[in-house]
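Let the hints inform the model, and build the full structure from the sequences given.
Those protein sequences? They're chains A and B, same order as listed.
Each residue of the first sequence is one higher than the one before, counting from 1 in full-length UniProt numbering.
Each residue of the second sequence is one higher than the one before, counting from 1 in full-length UniProt numbering.
The hints are simulated quantities; they were obtained by calculation from the structure and are not laboratory data.
The structure displayed is predicted, hence computed values, not measured ones.
The reader is advised that the hints may include incorrect statements.
List time: in silico DSS-like cross-link candidates among lysine-lysine, alpha-carbon distance up to 25 Å [unchecked claim]:
(1) LYS453(B) with LYS27(A)
(2) LYS487(B) with LYS538(B)
(3) LYS187(B) with LYS432(B)
(4) LYS32(B) with LYS24(A)
(5) LYS16(B) with LYS121(A)
(6) LYS13(B) with LYS126(A)
(7) LYS432(B) with LYS126(A)
(8) LYS538(B) with LYS565(B)
(9) LYS24(A) with LYS187(B)
(10) LYS453(B) with LYS126(A)
Distance windows between CB atoms, simulated [stated by the list, open to error]:
(11) ASP53(B) with ASP159(A): 39 to 47 Å
(12) THR367(B) with GLN23(A): 25 to 33 Å
(13) MET86(A) with HIS512(B): 21 to 29 Å
Ideal Cβ placement from N, Cα and C applies to all residues, glycine included.
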Amino acid sequence: MTPSACKIKINNLLNKAGLLELQKKIKEAFEVFDHEANDTVDVREIGTIIRSLGCCPSEGELHDLIAEVEEEEPTGYIRLEKFLPMMVKVLSERRYRPIPEDLLLQAFEVLDSAKEGFLTKEELVKYMTEEGEPFTEEEMEEMLSAALDPETNTIQYRDYLAMMVIDEN
Amino acid sequence: MGCSHSVHNETKKSEKAMKAAVLIQNWYRCYKARLELRRRQALNIFENIEYADEQDQMQLAKFFAFMLEHYVKNKSSADNLPKIFNPEPKRKSDEETIISLIEVPDTYYGPRLKFPLTFADVVLLIDAFKENQILHARYVLEVLLEAKKILQQMPNIIHISSTVSKELTICGDIHGKLDDLFLIFYKNGLPSGNNRYVFNGDFVDRGQNSMEVLMVLFSFLLVYPNDVYLNRGNHEDYLMNMRYGFTKEIMQKYKQHGAKILHLLEEVYTWLPIGTLIDKKVLVIHGGIADNTDLTVLEQMKRNRMRSVLMPPLVPAVFDPRHGHFSHELPPPAMLAMEQLTKYEWDQIVNILWSDPRSRKGCYPNTSRGGGCYFGPDVTENILTKFGLKMIIRSHECKPEGFDICHDGKIITVFSASNYYEEGSNRGAYLKLSHDTTPRFFQYQSSQITQAKTLHERVDIVENAAFRILGERMIIRKTNLIQAFRKYDPNDTGKISLSDWAKATEEVLELHLPWMSLCPRLVKTIEDGYVLYNMGFKDLPVVRAPKVAKAGMVETLVRYRSDLKIIFNIIDKDQSGLISMDEFRAMWKLFCSHYNIDIEESHVDQLAHSMDLNKDGSIDFNEFLTAFDVVHRATNKL
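This is the structure:
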């Protein structure tokens, strides 16, 4: 076998192993919500599954993904056999990549119109519940519980982001 | 022009703000999703273990049958039959006499109840429980006795009608969580003539305040017998209580009076109705149904003969196709003092108390729990049609949101014990039904501690608790696990692949969990994708045992601790907490043979002798079993 053929063969083997790993990862996340062990999950849980696999689609993008795989009859369910190939594609094409830290910081800075290095509680709540793809009351409360500095009633967003990064790792 | 330029800037600015908002929202939702997955995984672990435990019960039930056979073969009279298999029906005057002999000392500062109870008494009781007071045994017994009298007058299935003015609230499992009960009363009001309640079973076990919950519910029953309805759950069963904590709570709180309370409680349970029928259309039962559920049979049987799911009625030797073996022989009629249900009737009740709905069609044995069935939407449809029902409201299964709807809206699950497995594990819920409208659900999650923590902290708590339990399971089966690992390591390298580790662990523990992703969290000795399995136990909890005990025996005793407790309680005829050395030896032999355990007799003797602290030939089995336990390293908490 020529060196270049060898290289291609090795790459193919690695890809195959990589594909199996990927499929296993997706299956395990799916199974957490597959309550009856029949390779089906409720469509309302699909967003959590996709996001827990490291993808960050917006609500709109999520809606499109669901439309691709949701069962027609009966509606409300998604089967593994449709979900798996779609998710493999999404992950291997590296779509909906998570947002890098510096971009997040910039986003907070954009909202911080007074350029003070923090957002007031009212400002954050207004933006998160009125703009973009608004938070529910519950989501807002949860974010505030970790983000809000109770003494100043502000969100020190640099510190908050730094803490979240540590939490994740 | 200045005008349009600034408008253009404004638009650009708000576009930027919108994009920034979306970015942040997006990121936060991803973060939240990852935490949610971890929380669900932890819940799955809890659930798997809970159901595996319930399965063990069924083995225990078979062991009792085995024990009974053994006695029947070897003894000729009923005298030696442990009382538990052959209880004498109690005489009313006996009970009341016994209770009246208990004096409430002047030093008792808890609530003093006067019968017949009034609303004021119950309020007094609630206030006292909020102050963590314990109701005196005398009053507990009186409440139980009065409750029994009322319950005896009720049919097996109570028929009620919903009316426009009097709303009906339905609550699910409470499991001794008094703060959840109080939270429901706070949000929804105390029970009364205008505020009717149905409590759908499982009032006790697991939580710390089963007695207080029971006292509050029974007291309301006594004050409003036509407006408060209590259905029996699978935990309203004196043998279940031995395993799941209520018996322990009673003995701790009531000491010398505990035994009397347990006796009366056993009987009161059997008089709880098994269901409630609203407007002849909505059936409220604790567990579920089976394909052969027959409301007529359920309404006609003598429900008080159903003592425990672990005590099936004895039938002539018949081949049981479901389990593939012959059931046991019938002892001579003279041996049995108390009437039994027929096997058919008994199965009907067990299905009502233990079954779970599933999306798969048909009716199958509930293999997770070991009792009752899994029933599909077709079964639901058939039963509803057959009996002219609109829907079934049931409980029995913990749901993350406190309630769940399935089978096309025909089966509703309502579960009222929030944080059931651990702080932050799930919400509780109750529902309200008014005449002909769809049910409305109300959710809550009790605990001041939960509110003060962030999402991340709450998930950590649930996850850590789940891993602790898994760790306990693993250490108890250490010998078997190492044996299984060695099979994958023929060259004795001490290492096996991650996927072999996962396979072996699943085989031994018989728990279907994502072992590959759990491995790094449980076992910290992984190198290059290989698990150093011998060392993998060093971060797990430790088994504590008396020094003389040999390793194999220790693991067996810890693993079967709850079962053994129940068995010893049964042998202990006079409820003294002591059994003789002979009884212990005989029991242990039977136990090992039935459970296929290989233990040397000399080890058992040696151990038993060392436990005979008074050297008088008797063993305090509670102490004996407490000596074997799992201890967590960091805090030495059990």
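To see whether the hints hold, each was checked on the structure:
{"no.": "1", "hint": "LYS453(B) with LYS27(A)", "result": "violated (31 Å)"}
{"no.": "2", "hint": "LYS487(B) with LYS538(B)", "result": "holds (21 Å)"}
{"no.": "3", "hint": "LYS187(B) with LYS432(B)", "result": "holds (12 Å)"}
{"no.": "4", "hint": "LYS32(B) with LYS24(A)", "result": "holds (22 Å)"}
{"no.": "5", "hint": "LYS16(B) with LYS121(A)", "result": "holds (20 Å)"}
{"no.": "6", "hint": "LYS13(B) with LYS126(A)", "result": "holds (16 Å)"}
{"no.": "7", "hint": "LYS432(B) with LYS126(A)", "result": "violated (35 Å)"}
{"no.": "8", "hint": "LYS538(B) with LYS565(B)", "result": "violated (29 Å)"}
{"no.": "9", "hint": "LYS24(A) with LYS187(B)", "result": "violated (45 Å)"}
{"no.": "10", "hint": "LYS453(B) with LYS126(A)", "result": "holds (23 Å)"}
{"no.": "11", "hint": "ASP53(B) with ASP159(A): 39 to 47 Å", "result": "holds (45 Å)"}
{"no.": "12", "hint": "THR367(B) with GLN23(A): 25 to 33 Å", "result": "holds (28 Å)"}
{"no.": "13", "hint": "MET86(A) with HIS512(B): 21 to 29 Å", "result": "holds (26 Å)"}
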